[in-house]
Each structure stands twice: as C-alpha cells, then as structure tokens.
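> Residues per chain, in single letters:
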Amino acid sequence: MSVSKRVLKGGRVVDPVNGRDGIFDVLIDGDRIARVGRDLPVDDGVLVTEIPSGLVVCPGLIDMHVHLREPGQEHKETVATGTAAAVAGGFTAVACMPNTVPVNDNAGVTEFILKKAAAANLARVYPIGAVSRGQLGEQLADIAELKQAGCVAITDDGKPVATAMLMRRALEYARMFDMPIIEHCEEQTLKGDGVAHEGFHASALGLRGIPGQAESIMASRDIALAELTGGIVHIAHMSARQTLDAVRFGKSRGARVTCEVTPHHFILTDEMLGAPVPYDTNVKMNPPLREAVDRDAMLAGLADGSVDVIATDHAPHHYDEKRVEFDRAPFGITGLETAVSLCFDRLVHAGIVNLARLIELLSVNPARILRVSGGSLSDGAPADISILAPDLRVTVSAATMRSRSRNTPFDGWALRGGVAATIVGGRMVYVNDNGGVHEPA
Amino acid sequence: MKKDLLGIGDLTRDEIYLVLETAEAMREIGQRPIKKVPTLRGKTIVNLFYEPSTRTRTSFEIAEKRLSADTLNVPVAASSVLKGETLADTALNIEAMAPDMIVLRHASSGAGHLLSRICRSRIINAGDGMHEHPTQALLDAFTIREHKGRVDGLKIAIVGDLLHSRVLRSNVLLLSTLGADVWACGPGTLVPPGLERFGVHVSTSVDDAVGDADVIMMLRIQQERMDGAFVPSLREYFNTFGMTAGRVARAKPDVIIMHPGPMNRGVEIASDVADGPYSVILEQVANGVAVRMAVLYLLAGEAEAD
Amino acid sequence: MDSERMARTLARIAHEILERNRGIEELALVGIRTRGVPLAKRLAAGIHEINAADVPTGALDITLYRDDLMRHAVAAQPVVRRTEIPFSIDDRRILLVDDVLYTGRTIRAALDALIEFGRPKAIQLVVLVDRGHRELPIKADYVGKNLPTSLSQSVQVHLKEIDGRDEVEIQES
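Residue numbers (our numbering), protein chains in the order written: chain R, 1 to 441; chain H, 1 to 306; chain F, 1 to 173.
So here's chain R without its partners, still in its complex pose (with noise of 0.2 Å):
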C-alpha cells in the first residue's frame, strides 16, 4: 500500500550504525526516513502501524549474493518472482549474480535487469558485472561501462577468475572505481569433477570429492593479490575453515578482504549426503557441505566478527533439473526465503550472536561492502526496513514459496522466527499474515 508518510510506532529498533536497540517510533515520509525517536508526535495524514511487541524493526537486509537467473533461465527463476521471493523472505534489496544467459557483461544486460526490477517494483536490486567477457576468464571486460550501468561488483562466479595474472590485472583496474570483486575460490584442477566435499561421506556413497583445500587455496591467492594491488577482494560462500583461517591472515595483514558466509554453511554438514534422505540432489551445491568442524569453524567466525556477511547464494534450479542422478544434478539450493528463519532458529536463538551483530551481518556490512545506500535507519536514509518476529513458529514450506523454484533442504523445519513485513522505499511491499503487522484493507 502506497503511503506518503506512516509511523512504525512501538517496535523494537535494532540500528547498530546508529548506536540503538529499544523501543523506538520511525517516521516514514515518501521514500525516506525522516525521524527516529521515542513517542513521535501522529500528525493528521499520517498512517500509524503498530509493531506488536516482540517484533524487531531494524535496517532493509541486503542478500548480496542471488542468482535471480534472467535473462535467459526464466524456468527457474525471473526478477520479478525472485524479488518477490526476497521481500517475502526480508530482503529489501539483493545483489545479482552474471552468470546469466547471455552473461551479464556489458551494459544491455545490466539495463534490462534493471529495467525488469523497476517493473516488479519490489525489492531493490544491484546487478553485479562479470570480471572478464563472457566470463571466459580470457578477456576483462568493460568494467567501467558496467559500473556507469548500474552494477555495484563484478565476479566471475561459479568459477574463480581464471588466473593469477587476471585476477590481479582486475583487482588494479576495479580498484579505480572503488569496486569490489567477488571471488568463488575453487581451485579448478583439485576440484575436478568433484560434486561433494571429500570425505567419509562421500567415500561411503562413492561420489567425488571436493578438498576444503580447493577453496583455501585460491582464497589464498586471492588474499594475497588483493595485499599486492590494494585492490578490494570479497570472498564469497566461505565453507572451509582453512579459508577463514586464510582471511583472518589476510585481515591481519591489512588486505581489503571480507568474506561471506551462507546459512547452510553454519547449519548443515556432508552427514546430509546419506542422511535422512541418501543422494539427496537438494543437498547438492558448489561449495559443498563440509564437516561439522567446518561448520563450528564459521559459526565461531560469525560470533567473533571474522565472518563479515551472511548471504544466501540463492540458486533456484527448476524441479526436472534436480529429479536427476547426483552427479548430474546442477548445484545449488534457494535460500531467500528460509534465511531469516535459520539465522534466528540457529544463530540468535542459539546463543551464537546478538541481535545486532545478526544486522551488522544481513544489512550494515552487505551495504558497505557494496558502497550502496542501507545498513541503517538514519535520518534521510531510503526507508528499506525490515520488520522481523524473532519468536515466530514457522514451517518451511517450499510448495508455497515465491520463488519459482523448491530446492531447498530445509523443507519441513519447523523454526522459530521470521519475517512480519517488508518495506522497501517507503512501501510497504510484503507483509505475512501471521506475522503481527496489519495493513489496512
């Protein structure tokens, strides 16, 4: 519902940027905040929304790692449906992978994606460019163009830059435009035709394997050029813990490093390739689940500040590509919709990290680290706001999900915590019937 000003009246305000956690009012008008503060003053006009108590506003959360598949993979997924799928799961805006059809290398594709998430008119979206044309890893390409576009990165994900000598001839050249790369640190020939992490599990059920090693060692590299050319280096979907052990060295070192982590990387492990449901291809994704002590090694990175970002890596796979045998199944899982849930369930819930720093992780950083806008609830800031119920009962349901594609794992959880509504520029563009938060009709 289309407002021009609406008081969020009574909810607990989480805005680490701005030093505050407690009850406060937010005055929305237009497209901006306009105050923050304790029992504002309700003018004639205004529209009040009361936050039913237990129910948290905090800063839009930025998913800045989904694949939203257009142009050209429109069975999975569209802008539209995955922007919808993404205010539904809390996001107010969400970073775009090139990895499209054709390759999001050059201006048309970055205009059209635009263009497509300005007609759906949801959540906010930033196309992020490829490194080099065609993500080929031959070629860079036209990064400056692609900035003027519209795009906030570049990265050839899916695959790390191809060598040594790219990757640092792209670190020097982004570096001009202040823009960060987004590395898949997969070292190519030690992954192989690898489609699990290697180890008991996949031994027992004769799949392939992937060594943590594979990503460590081109995060390594990676680090290391990012420390020779200054250039900005943003490792993403970090599973393995010899990668944070990478990225701690590399911060320590003064390189411009950040490192992202996803919820299934804290949550599950290769146990879940045999188990309850052996061969599972939604269980399949690139990097792969890795040992519990992979796992424990990220929570304890997301608990003491290592970890920097928690994304999805949303993958959305039409259900015919994944009802296939495990090596042939493509990798990936969705994830917009079941993030928050996971990260309170396992994160907040759980003792792991506060509520804040669960902000700093979903918005604050995602907004620096991109240098957009977010991240907080300041005065004049977008009003991106995400109005969460940290003690709601939810069971992922995928048959109900937005996005248009059901590879999830998660299928069935039962969890505690969720999204009540979603408010991106002002407008209030979700709100979850049970979530406490009530929209005239």
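Hints should not be assumed to be uniformly reliable.
What the hints assert, rightly or not - DEER-style ranges, computed between Cβ atoms: (1) GLY9/H x ALA76/F: 17 to 23 Å; (2) LYS36/H x SER150/F: 35 to 41 Å; (3) SER68/H x LYS145/F: 54 to 60 Å; (4) ASP275/H x ARG12/F: 57 to 63 Å; (5) THR189/R x GLN223/H: 17 to 23 Å; (6) LEU111/F x THR12/H: 23 to 29 Å; (7) THR103/F x ARG120/H: 30 to 36 Å; (8) SER68/H x THR103/F: 36 to 42 Å; (9) ASP91/F x ASP89/H: 53 to 59 Å; (10) PRO86/F x ARG13/H: 31 to 37 Å.
These aren't lab readings, by the way, just hints derived from the structure by calculation. All C-beta atoms, glycine included, are put in the ideal place defined by N, C-alpha and C.
Given chain R, put chains H and F in place with the hints provided.
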C-alpha cells in the same frame, strides 16, 4: 527384507546368511537336467543396464529365467537415452508397464536410490557408479565360505583401485559385518578418504596386505587412471601392486585368489596367478547365478506394505 | 503315537511296499523335506532289514513349487533347502514319503518338482499320518495311521533325527 537391495547396508547379518544359505539350494537347480523352477512364474523383471556388462547382465538373466520369470533386457545404449530421456522418465515409462522388479546398473552412484524414490517396483542394484555392487559381494562371500567354511576371522586382502571400486565398498561392508579381518590395499592416490572408519586396515604395502592372507581379492585398474595422474603407468602399477606368484607365496598355503572381472592380465594380476591353482575366479562367475537366484527369490516375496 | 508304535508302523509299511512292488531294483525312496527325509531313510533301513536290498534314497525340497508363494501379505519368503536326488528317476517306481498328508498341496508341488528330474515309471505316496481335509484329488498309497481331525487342530510329527523324540502330537490352535 527391505523392498530394495541397493547396498549391503539393506541386509542384516541374519539376512546375509539367509541369502548365502538359499544360494546353496539354488545352486543345485543348475545341476539338474531341467534347470528351472516355477517360483517366479508370471513375474516380470526388467534389466536396465546403462553400463555395458556381459557378465553381470547374463548372470542376472540366467538367474531370472531359471526361476521362470519373464525377463526384459532394456538396451539403454540405444533408443530413448540417446534422445536425452532422463533416468527418471525412462524408469517411469517402464514402471507404467508394471514390472515386479528392476535390476539397474548405472554409471552414477545413487541411481538406484533415485529410482527407489520414484518407482514402486523393487530395485536391485547391479552396480551404481563407485558406490556398491551388493550381489557381487554376496557371491564373493559365498565363494569364500565354500572354500574356507566361514568368513569370520579370515584375513582378506583386497588390492587395487580402491577409490573407484564399488566392489570394494560392498565387500568391505559385507566382510566386516561377517567378522573378517579386512586389509584394503592400493596406491596412496587411490585410497578413499575415511576408509579406516569402515573398520578395515588400510595399507599401501601389498606385501603387508597379503602376508598370511586367507583370501586375496584383486580389483581392476583402468587404463584411464593415468589421466588423472592416479598412477604413473600400468607397468609401474604391476610392479608395485600386481599380484604375482611371488606375492601369492607370502599368503597362507591354502589361499584363494579372487577377482570380480573382467581382468586386466599383466596389470593387476599376472596370468599365471589368474590361471593358477589358487584361483577361484571362474567359480565366482558360476556362483553368481545361484546367489542372484537367491536374491531374486527372497526379494520377490513380500507384498507392498501399504 | 510313540516311538515303539512308530517303529512298528514303519515296519508294517515296509512290508506292504515289498508286497505290492515285485521288482525291488526299480524302487527308490524320495523324502519330502523336512520330516519326510528321515522317514524315507528309516523305510530304506526297514526294507534292507527284510531282504538285504539297498533302495536308493533322496531328499526333495518343494518350497519353490508351492502354490501359495508370492501370495503372503507381509511375510518373509519360506526358507529353501537343497534337493539331493543322487540317482536317475527315469523308469523307476518312486515312493514319495511325507510325514503328514493334509490338503494335498504339498504332494502336488512334489509331483511337479519330481517330474522335472525325469520320467519315473510310477509314483506312489507313503505318509505316516493322514489327517483328512483334502483340497485336491490326492490319495496316499501307504498310510501309517488315519487320524480324523478338525480344521481347528494341528498335527505335528516329531522325529528323533530332528526333534530329539518320536511323537505324533495333536494341538488345538
């Protein structure tokens, strides 16, 4: 027994012994003038072999026919698969014609599990990728019991490309369930991570593995393994891991030599050993029919519990 | 029926067999597993006692020929044992031996099984106990004892070789 036989883990210890004892009775049928019993008359069994295999497929086919079942070999190399039909669709199409059992061999580990989820027919795994080959392990155990009277307490050395071998995985599970002392031996590049967790000795020294062994089981090593830099050359492989008469001499005097076939003579096994007095390789093939008859019979009985 | 009576009954049957079959060289005994087998062996011993002749004896497992296989609700398959007939049955008079004759279905299965082994000249049926309630047109040629029973009863023959004692037991089920 469970509806499907996808791996040795689907059988309890008692069920394993039941299969072996039933195979004893089944073997006698192959010695009669009329090698047929009416037991599976009217049952339809589809042999869906995505990987070429003469030995296993023929063995299953003979077993099915001896039990009077109607056998259907679906030649997957041809037809629909070349047209890009998925395994799931092929299976559902076959299922629409109501077979009682599907015997599946496929290059992907877990292919049988996929079919089991979408088909009502009983699925028998005749070899899936690098995962398992349960009827091979059963006939291996049958052969061992024939010669040694038991499996428990025997030192059994399994030598070769451990990493890619489904025969290894099934045998390790089955032989350790029956109480054997299993030694898995192969080059360091071909040892699956975590193999020791199955309760077997893992060694890269073939001399240690075969020392005083009661049974030596050789696994194939494929030509393609040099591509992944797993072994430098087949010649070097033969020198370090090949079963020669000299190595056999380190085992017990009444050792038996086994091989699931097909053999690469001069690569994993010397010809004189393959054809020598300790070799029971051809018996394994003969026993395969009886063991598969036992499996088909035991799995055919139970109606759906729904 | 106790051990002594069983022995006398089997001895009587052995005599009857010899009376009704002139050519003893043609005879062979085939016991139906499980308890028909020791009974067949005892009969062979009995015949040997009478005229020092050795009648070849075999064991037949009829499980795979049963007409009630694959019709069970959710029951495991019955256990199959080895058949051992180490002689040719062609042109022989086969004496099929079983402990209890009831519906006749076991004997039908045995006939089917036996025919696969060759073409006997004749097949005769020896049973220790006939409890009636035939469901097929099957008749025993030699009967140890006729035991009228009701359908609610079960008849169990125990033999020393298998159960440690000789006894015919009737139970209400």
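> Against each hint, give a clear statement of whether it holds in the structure.
Do the hints match the structure? See the list:
no.: 1; hint: GLY9/H x ALA76/F: 17 to 23 Å; result: holds (19 Å)
no.: 2; hint: LYS36/H x SER150/F: 35 to 41 Å; result: holds (39 Å)
no.: 3; hint: SER68/H x LYS145/F: 54 to 60 Å; result: violated (37 Å)
no.: 4; hint: ASP275/H x ARG12/F: 57 to 63 Å; result: holds (59 Å)
no.: 5; hint: THR189/R x GLN223/H: 17 to 23 Å; result: holds (21 Å)
no.: 6; hint: LEU111/F x THR12/H: 23 to 29 Å; result: violated (36 Å)
no.: 7; hint: THR103/F x ARG120/H: 30 to 36 Å; result: holds (33 Å)
no.: 8; hint: SER68/H x THR103/F: 36 to 42 Å; result: violated (23 Å)
no.: 9; hint: ASP91/F x ASP89/H: 53 to 59 Å; result: holds (57 Å)
no.: 10; hint: PRO86/F x ARG13/H: 31 to 37 Å; result: holds (33 Å)
Checked against the numbered hints given earlier, this structure breaks hints 3, 6 and 8; the rest are met.
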